[in-house]
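Student: Protein chains in written order, with my numbering: chain A, 1 to 113; chain B, 114 to 227.
These are calculated hints, taken from the structure and not from any lab test.
Being a predicted model, the structure only gives us computed values, none of them experimental.
Treat the hints with care, as some may be off.
[Stated by the list, open to error] Stretch-level coverage of chain B by chain A, calculated; a stretch enters the list once three of its residues show a Cβ under 8 Å from a Cβ in chain A:
{"id": "1", "segment": "145-158"}
{"id": "2", "segment": "200-211"}
[To be verified] One side only, chain B facing chain A, incomplete, derived with CB under 8 Å:
{"id": "3", "residue": "Pro180"}
{"id": "4", "residue": "Gly219"}
{"id": "5", "residue": "Thr225"}
Glycine included, each C-beta is placed from N, C-alpha and C at the ideal position.
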Amino acid sequence: GDSVTQMEGPVTLSEEAFLTINCTYTATGYPSLFWYVQYPGEGLQLLLKATKADDKGSNKGFEATYRKETTSFHLEKGSVQVSDSAVYFCALSERDSSYKLIFGSGTRLLVRP
Amino acid sequence: SAVISQKPSRDICQRGTSLTIQCQVDSQVTMMFWYRQQPGQSLTLIATANQGSEATYESGFVIDKFPISRPNLTFSTLTVSNMSPEDSSIYLCSVEKGVDYGYTFGSGTRLTVV
């Protein structure tokens, strides 16, 4: 079945460091890909998405490119802030008859001042 | 995108009892989804709630334990039945409004079973 694999956390960075969180997926079709963020004590928010190969999703300085050849959707940010500390979830949806959203295990990011 | 109101936001319940969680959406949606997030874990899909038909449950989840209602296109409930401490989790509802909007989540119900 479909699945999403994320790098294990926690990831600890200093403020203004470069961030990469790896995400790879397994899918039978052509899924849409998502990154969600969960700030401490809050709900789940959509950070960015990409619906087809080579699409780049971007939001709040974060970017991720849909790479079909490597089945990857790595999240990057050039300069992280303390306020970016959160748990980040990579997810996919096959958009077949089920429209299910399948999540990776999540990666906790801690940014130190 | 859709706006979801989920309640209660949290509850502490005695083992053996049941809790019903409500999810109200500000617009009509075809599919609504219920997820569970156990402490420190990722989200696991419990079931898909379809209006006018029975919910579709994922492997490991059964209707007797997690009955779901979907009386119309803007509302759904999830009941956690005969609760045990292992049911302590955050329960979230979600809707999908189309490829341009992705999936929107409610703020979640934090359930503690004692």
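Student: State for each hint whether it applies.
Tutor: Verification of the hints:
{"no.": "1", "hint": "145-158", "in the structure": "holds (count 6)"}
{"no.": "2", "hint": "200-211", "in the structure": "holds (count 3)"}
{"no.": "3", "hint": "Pro180", "in the structure": "violated, 20 Å"}
{"no.": "4", "hint": "Gly219", "in the structure": "holds, 7 Å"}
{"no.": "5", "hint": "Thr225", "in the structure": "violated, 15 Å"}
Violation of the numbered hints given earlier is confined to hints 3, 5; the remaining hints are satisfied by the structure.
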